[in-house]
Structures are given as structure tokens and as C-alpha cells.
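**Student:** Working from the sequences, and respecting the hints, build out all of it.
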Amino acid sequence: MIRCPTCGQRFKVGEDLRGRMVECGGCESRFRINDQSIVRARKFYPGEHRDARLTRYQRAPMVMSSQVPIQTVLYNEVPDPAEFEPTPPLRLIAGTFAVVMMLMMALLLVTGASRGGALDGMATPNRLLMAGFTGLLGLALLWYANRKARRKAMILGGSLAAALLALPLVFTEGSQSLPEQARPEREPLERVEPKAPEPGLAGLDPKLFDEIGIGPLEAELARLRSEGSTRTAVGLWLHDFRDSSRIVVRDYLLRNLDAGDESHYYPRGGGDMLMVVTGTDRSFNEVVSIVSAFGKVTNTWPEAQIIEVRMDNSMFDEPPMEQLINKNDPQFYDLNKRELQSIDLNRVAEAVRRLSKASPVVFRADITRMLIQLLDKDWIDFKGDVCRALSVWAEDRTAAGAAALKAIEAIPAERRAGVPVEMIELVVDARIEAVVPYLDALWAVDPVKWELLYSRIGSAAEPVLIRRFSESSGMLKQSTVRLLGRVGGEDSLTLLESATGLADSELRALIEQAVASIRQRLGR
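First residue of the sequence shown: -19, per my numbering; consecutive thereafter.
No lab work stands behind these hints: they were computed from the structure. Possibly wrong hints are sitting among the right ones.
With a straight-line cut-off of 20 Å between C-alpha atoms, the simulated SDA-like cross-links for lysine to any residue are [what the hints assert, rightly or not]:
#1 LYS307 - ILE323
#2 LYS429 - GLY398
#3 LYS337 - ASN326
**Tutor:** Here it is as C-alpha cells:
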């Protein structure tokens, strides 16, 4: 430690500067480092020495200045930086999730409380427990999410929680347990007068009545009778039922039984399900045959319109996709043939598309028969793919074409404009002349799309085209001339030669080309 002799400023320097000339950084005076400038003093603690120069190091409190008569500036306390920070994303997500969760629970408590709903058979205390848990969880999330306005968050969360707790007390339909719900009017079963039996319950064991819970079925049968409907309802008691197959089974039954959309599932616990299929005109035996497609019919009660079925869940498991798409796999044809028998239309459609791109190596007759059966079904909306597959697999083109023509005839006239091209093409390739009226109607609407296919019919189309020639105009007439040039004979030649002088230049050129084509074909 050295001290400047001029200003007294102290500096720390190294031992190597002893005896050398240095310059003060404070007053810029020069001095030599010797024993006079070197400070030798013992260490001391703050407060031991009274030296005004020591106050610059702030080792001791600064001496407060004397009070002045003027008003000094008063500063507010520094605000918390958290008040100005934006809300973190995690808190936003927590608040949004809390509100959405409580609203979804409210929707479930309202819509699921009806007969056959998601909460059908759940008692009111259990519903209150669900609502209370959701309300408490929502309150906690809202308290965490709103750090700046927790009072408002608690008011909002408390209101939503109170509304949730009130819903189970207002919407009480279906709140009885399943055994109680299954027999809402049990006492009338003890009949006093034999002449007034309860319909549909003859021969049914009361214990079985309790287990199945056919209250919804009886109510549906009574409704159909009161409306004077000729249709009926059937109850399917399904064992080992999986929720994943719920939609597939329902769609299959609605299609094959021509049933109404009011058909509904009723859970019965333990993997059992009661499905009430309503609005069908099929007989009881026909229903049994159709239901056996997805399970084993173990028992039937025709007098009560109930069929007991044990589900075959293996048929709902899809085969490995690697084998379904690999044409070189030994199981390719067998697995896709089985897929054609599935009750899931999506799997059937995919199998049809895969087979339409494969060579007909094995199972040709079986696959052709299954494809023709698909054409007979009204609910198949991928008949174009079916006809494309038939054009590859069918050995008897006439039978395949006849099936396609039958499907065309079954389409209502107002919807016939959307018939697939592949369906018409299959009939044309089979040389079935009965398709001419249908193809002519399609061609008249869109000649560009159907002209080439129309020309493949041959001479069978000539009489229809000759009639069209005098009725058509514009682009349709030009297409008629081109078609007559491809399929026409003597009658077409006479018609075109007589119309040459009355046609415009563009149509005249087409007529001349058609006439030349007909003459060449006739050998003139």
C-alpha cells in the first residue's frame, strides 16, 4: 500500500515497483516509491478510526443532512414485479381446462340422465359425487390460474360448482338403479284376472325378467301398438359385449332389419347389454338368422320378443394389415375373402378395393359370388368399386353384367344420374342391350363423359341414336353424329347424307367424316 504525498490517495501496487517513479491517478503528480510513500499501518475495523475520508467507503452510516424547511419529494413503494408480468401459459391452460371440464360435466349430467343415456341407472348420490368432485377440482384450478384476481375466480368457480351440484337434483330421470329401473311396474304382473295377461311376458321367468330388465322393450312394444303400427320391436340380450363394436353392430342391425333410428342400447352390467331394435317388419325367425352373424344364439323367447346372444368378439378383430395388402403373402386371398363377409362396411369396402387390384388366382368363384351379392344390397355405397372388382374376377361376364343391370334398375330415376361409370361399363362389356335406355339417358345429360362408352354398345344403339338426331342440337347433336359414324349402318348413312345440306360448316365436317367411316365399314 502506497500514499501519494500530494493528495494522500492510497494505492495497492506490486513489490516490483519499489524504487521506481510512478504517477498518481488522482492528482497526476509523480513520486518515487520509497519508505516515505509506503504506508505501514496495522489493520483496523470500521469505526475504530475517525477519519472523514473513510465515509466514502460506506463502512459507517452517512451523516444525515440537516432538515430543510421545504417539502421534499415522497416516493411510493416499489410495486411487485409480478403485477406487470403476463400470465404464464400453464396457468392459462389450467383455467381454460377448469371451465371446459365443468361445462362438459354439466352437459353430461343433463343429456346422460335420460333413459338409455350414459348415466342411465346411476343413483342420484353418485351423480352428486361426480358433480362435487368436478366442482372442487375446477375451483382449485381456477384459484391456481388467476393469481391476480383470485376473488373473482372463486366467485365464478363457486357459481359453476353450485350449478353442477344442482343439476343431479333437477334431472333425475334414469337415476334408479338398473334392477329397479328394469321393473317400474312390477305389481301389475300379479294378475288377478287371467283374461287380461300382460303382453309379451308369457312364460318368462320373473328372475330372468329382473336380470334382463325388459322395461324399455315393453314400453316400445306398447308404443307401437298404440300408434297402430304394423312393425314390431325385438330385444337382443347380448353377452360379452364390447363397447368398441357398439356402432358396427347397431349399423348392421339397422341395415338388415330395416329398423328405425330409435333403436337403442341399455347397459345391464357385467358385460351384458340389452338392445331394443324397433320399427322392423322382419319376422322373429328372420331376426334370429340375421343376429347369428355376429354371435351364437343361445336362447329365444318368441312370446316376449327376446333373443339371447353370446357375442363372437373374434370377428371384430381385424387381421394384420401387412397380410391384407401384401399380394405375395399366402394368406392374402383367404383373409380378404373373409373380410368380404364382415359386418363392418368399411372393412368390406377396403377388401373390395384390394381385390380389384389383385389377379384372380384362387377362390375366384367364391369371391365373384360374394361381389354379386354386394351388388344386390341397397345400402352399399361403393358399387363402383364392386363392379371394378367384378370386371377382374368374374369368369361369366354375362352373369356379372346382369347383376349390375339389376342394380341399375333398382336405383330411383332421380338418383340415376350418379350411377358409377364402372357399373355401366360392366354391363356394356357383357353385351347386354337392355342397358341402352339407361346409358342413353346418361349420355343425353353429359355426352362428353358417356360418348366413348356409348359407342362400345355397337349396332344396338343405332335406332336410339337415329331418333336422337332429329331431337338434339348443339354439342349433343355433334356427339350423335360421331356415334352414328362409329356404330351406324345403312339407315344412319341415309340419314346423314340427307342432312348434309342443312348443317352448318362444323356439323357438316363431322357428318362427312361419319359418312366416310360408315361407307368404309360397309365396304363401299
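**Student:** Does each hint hold? Answer for all of them.
**Tutor:** Do the hints match the structure? See the list:
no.: 1; hint: LYS307 - ILE323; in the structure: violated (23 Å)
no.: 2; hint: LYS429 - GLY398; in the structure: holds (12 Å)
no.: 3; hint: LYS337 - ASN326; in the structure: holds (17 Å)
Checked against the numbered hints given earlier, the structure breaks only hint 1 and satisfies all the rest.
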